[in-house]
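Listed below are the residues making up each chain.
2 protein chains.
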Amino acid sequence: MKRLAILGSTGSIGQQTLDIVRSFPNKFKVIGLASGRNISLLAKQISEFQPQLAYSALKLSLPDKVKFSSMEEIASYPETDLVVIATSGKIGLTPTLAAIRSSKKIALANKEILAMAGEIIIAEAKRHRAQILPIDSEHSAVWQCLRGEKAEVARLLLTASGGPFYHYSSSQLAKVTADEALQHPTWKMGRKVTIDSATLINKGLEATEAHWLFSIPFDKIEIVIHSQSIVHSLVEFTDGSVKAQLSFPDMHLPIQYALSYPKRLPNSKLPRLDLVQVNSLTFKPVNYANFPCLELALEAGRRGGTYPAVLCAADEIAIELFLAKHTSFPDIARIIARTISLHQGIANPTLDEILAADAWARETALQIVNKGSLCY
Amino acid sequence: MKRLAILGSTGSIGQQTLDIVRSFPNKFKVIGLASGRNISLLAKQISEFQPQLAYSALKLSLPDKVKFSSMEEIASYPETDLVVIATSGKIGLTPTLAAIRSSKKIALANKEILAMAGEIIIAEAKRHRAQILPIDSEHSAVWQCLRGEKAEVARLLLTASGGPFYHYSSSQLAKVTADEALQHPTWKMGRKVTIDSATLINKGLEATEAHWLFSIPFDKIEIVIHSQSIVHSLVEFTDGSVKAQLSFPDMHLPIQYALSYPKRLPNSKLPRLDLVQVNSLTFKPVNYANFPCLELALEAGRRGGTYPAVLCAADEIAIELFLAKHTSFPDIARIIARTISLHQGIANPTLDEILAADAWARETALQIVNKGSLCY
Chain A
1 MKRLAILGST GSIGQQTLDI VRSFPNKFKV IGLASGRNIS LLAKQISEFQ PQLAYSALKL
61 SLPDKVKFSS MEEIASYPET DLVVIATSGK IGLTPTLAAI RSSKKIALAN KEILAMAGEI
121 IIAEAKRHRA QILPIDSEHS AVWQCLRGEK AEVARLLLTA SGGPFYHYSS SQLAKVTADE
181 ALQHPTWKMG RKVTIDSATL INKGLEATEA HWLFSIPFDK IEIVIHSQSI VHSLVEFTDG
241 SVKAQLSFPD MHLPIQYALS YPKRLPNSKL PRLDLVQVNS LTFKPVNYAN FPCLELALEA
301 GRRGGTYPAV LCAADEIAIE LFLAKHTSFP DIARIIARTI SLHQGIANPT LDEILAADAW
361 ARETALQIVN KGSLCY
Chain B
1 MKRLAILGST GSIGQQTLDI VRSFPNKFKV IGLASGRNIS LLAKQISEFQ PQLAYSALKL
61 SLPDKVKFSS MEEIASYPET DLVVIATSGK IGLTPTLAAI RSSKKIALAN KEILAMAGEI
121 IIAEAKRHRA QILPIDSEHS AVWQCLRGEK AEVARLLLTA SGGPFYHYSS SQLAKVTADE
181 ALQHPTWKMG RKVTIDSATL INKGLEATEA HWLFSIPFDK IEIVIHSQSI VHSLVEFTDG
241 SVKAQLSFPD MHLPIQYALS YPKRLPNSKL PRLDLVQVNS LTFKPVNYAN FPCLELALEA
301 GRRGGTYPAV LCAADEIAIE LFLAKHTSFP DIARIIARTI SLHQGIANPT LDEILAADAW
361 ARETALQIVN KGSLCY
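If you read the sequences in order, they're chains A and B.
Residue numbers for the first sequence follow the numbering used here, beginning at 1 and rising by one.
Residue numbers for the second sequence follow the numbering used here, beginning at 1 and rising by one.
Keep in mind that the hints are not guaranteed to be accurate.
As the list claims (entries may be wrong) - No farther apart than 25 Å at their CA atoms in a straight line, the calculated lysine to aspartate or glutamate pairs in the DMTMM-like style are these:
hint : chain 1 : residue 1 : chain 2 : residue 2
1    : A       : Lys2      : B       : Asp274
2    : B       : Lys284    : A       : Asp274
3    : B       : Lys284    : B       : Asp219
4    : A       : Lys263    : B       : Glu149
5    : A       : Lys220    : B       : Asp274
6    : A       : Lys150    : B       : Glu149
7    : B       : Lys150    : A       : Asp219
8    : A       : Lys105    : B       : Asp274
9    : B       : Lys29     : A       : Asp239
10   : B       : Lys2      : A       : Glu152
Said to hold, decoys possible - Derived Cβ-Cβ restraints for the label pairs, each shown as a range:
hint : chain 1 : residue 1 : chain 2 : residue 2 : range
11   : B       : Leu182    : A       : Ser171    : 49 to 55 Å
12   : A       : His167    : B       : Ser268    : 33 to 39 Å
13   : B       : Leu182    : A       : Ser215    : 46 to 52 Å
14   : A       : Gly148    : B       : Arg129    : 17 to 23 Å
15   : A       : Gln172    : B       : Ser23     : 34 to 40 Å
Since the hints were derived computationally from the structure, they do not count as laboratory data.
Glycine included, every Cβ here is placed at the ideal spot set by N, Cα and C.
Produce the complete structure using the sequences and hints provided.
Structure representation (structure tokens):
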């Protein structure tokens, strides 16, 4: 029986994690749940799974047996074996560190955490022997391909669906609405991640995550457009052999794999892949010119230090402004680029310096828009 | 330093095995070489690799230091670590058993051995702790995908290029010439294997091999047409996750993997896969009606006993007759089907019974053609 804490339980990954728990009531027990503002769903989850600890960003009346606790307390609670980090953006960063410092297993779905603070997270995880198990479909694929392999990796090929606008011209991209950007062709995900998929910035964050998770240098990480989202990523070994992990695009599988690892659990509720029905898997080069967010994210990853944190913070603000219809889709890249250009990077930053860079970038991104100083 | 014996050294797989030895002179040493009738090439190989033992089907003058030995002697020679079985048809069967009984590692490229005598081979390999390492690209792919995995396999998906005639109608198939059948679209292979790829009988033999090598029941083995020959096979686990092995179609890689296992050796001479250049990987259902050899082979595998040996023997005769222009391409299936229909199968046969069934089938197949008793 694995005892779980789920941070971000009302989000897309959190809800799917609870689906897996429901499928295996004898394998997983929920000890802690934490959510943001969706307290009506959290109340239902608490009633169904009866955790010992709960947290929400808004005030919530709890049953007597459930103790209101901070996310850090939930993440480090002694009776927990595995902490699922299903938050989005930087909010999961300090709870993740708390889980690491308590030597928990960590199933990580929050892309920004490793992108922002990969060096610190990996060093702390080594020090505290905390295993980090990726939930992201691409990293789960790489992790599965590396299973049992001791050879050096020659190349990682991260696949990208390309999002809903991959075939758009730059003039079409200028007219994209928030509603259009929220319609992903292959994946059902949360709002922020869906927009990040449309700008392709998510692949740059994932490359940075992969760099930290698997100790792969950036020059060995390539991105390829694979619009069917069936091949979740590929690993090339030094002998030229390539391994790939494939499945129907559904996050339940990588979530279950991280929860059940090193076992695989038979689960008839998970969709089966029918390759003959899929018929064709295509691979195309990335159009970097039309999706400048991707190169911005890769460049921030390569520069390291506080740059990825600034990128992530500016991205969060730019997406909020875009979803609120204050700015255009191409403005997301412009806001990020301008914020980064104003940043004085710090190498080997402390966590406080990363959080300070994050705060600075949020303010700066907002000012850039409010003062109308975006470069067109 | 691994010490190798290579049986079938002048064939396609044998020559490519020696290419790998050439690339790693400090890792592999050739102790024994055996060939059939190509003694001029064998003489060159002996001069280059200086083995201690050699065999050929025809008389051959050997340097003083090289001892003429039977294939069984070479396969069981104490100074050998790994025996590459690169023969074709049933000739490799008794040398393979000799290698197994001497507890050698066996790199197996000869499809018919496991198809004909899988039960005996696997039981003897267990008894003598002889590892069987597949060289066939499909089985190497499955083996690589299973690496580090302990979970049950839900499904094997063996890929088939479909050969040169996959889009032919049955009337077009009736007119196929030997020269056309010897032109494989993606793989460069020996003559027998090339014709076996054109009739698709090879996939039935490979399914039987996979059944024995990986203990997978036939109902969990599926075949899918993948004309690019890039995805060499796929494994689906019980959680629905699918792993695939991909590479440019070139046998050097699976040969090297079997030779270097458990290591992978960096080898810049092996071709790299460029998925963007490949562009599209397609998967289509098998047209069993046009390629009856495939169902014949699967059925023989499922029935077991002496049936696969009869199938293989009739296939060898049918191919010889086809290449000699005595019979047509569709006659290959007819000769095999008629031979099998006349066979009284033996369950759990001994090796002698398998060899007797083989001899019976060769004679019967010839008689069927000579007496003109093929059913049209």
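Each hint tested on the structure:
Restraint check: the Cα-Cα separation between Lys2(A) and Asp274(B) comes to about 42 Å, which exceeds 25 Å; the hinted pair is violated. Simply put, Lys284(B) and Asp274(A) have alpha-carbon atoms about 11 Å apart, close enough for the 25 Å limit, and the pair holds. Restraint check for Lys284(B) and Asp219(B): the C-alpha separation of about 19 Å stays at or below 25 Å, so the hint holds. Pair hint Lys263(A) plus Glu149(B) holds up; C-alpha atoms about 9 Å apart against a cutoff of 25 Å.
Restraint check: the Cα-Cα separation between Lys220(A) and Asp274(B) comes to about 14 Å, which is no more than 25 Å; the hinted pair holds. Our distance criterion of 25 Å between C-alpha atoms is met by Lys150(A) and Glu149(B), whose separation comes to about 14 Å. A C-alpha spacing of about 33 Å is found between Lys150(B) and Asp219(A), which places the hinted pair above 25 Å, so the restraint is violated. A distance of roughly 36 Å separates the Cα atoms of Lys105(A) and Asp274(B); the hinted pair therefore is violated under the 25 Å criterion.
Distance restraint check for Lys29(B) and Asp239(A): the Cα-Cα separation of roughly 20 Å lies within the 25 Å cut-off, and the hinted pair is therefore satisfied. Distance restraint check for Lys2(B) and Glu152(A): the Cα-Cα separation of roughly 21 Å lies within the 25 Å cut-off, and the hinted pair is therefore satisfied. Taken as a hint, the range 49 to 55 Å holds for the pair Leu182(B) and Ser171(A), whose Cβ atoms sit roughly 54 Å apart. Distance hint check: the CB atoms of His167(A) and Ser268(B) are about 37 Å apart, consistent with the given range 33 to 39 Å.
Range check, Leu182(B) to Ser215(A): about 48 Å between beta-carbon atoms, so the 46 to 52 Å window is met. About 21 Å separates the C-beta atoms of Gly148(A) and Arg129(B), a value consistent with the hinted range of 17 to 23 Å. Taking 34 to 40 Å as the suggested C-beta distance range, the pair Gln172(A) and Ser23(B) does not conform, at roughly 51 Å.
Of the numbered hints given earlier, the model fails hints 1, 7, 8 and 15; all others are met.
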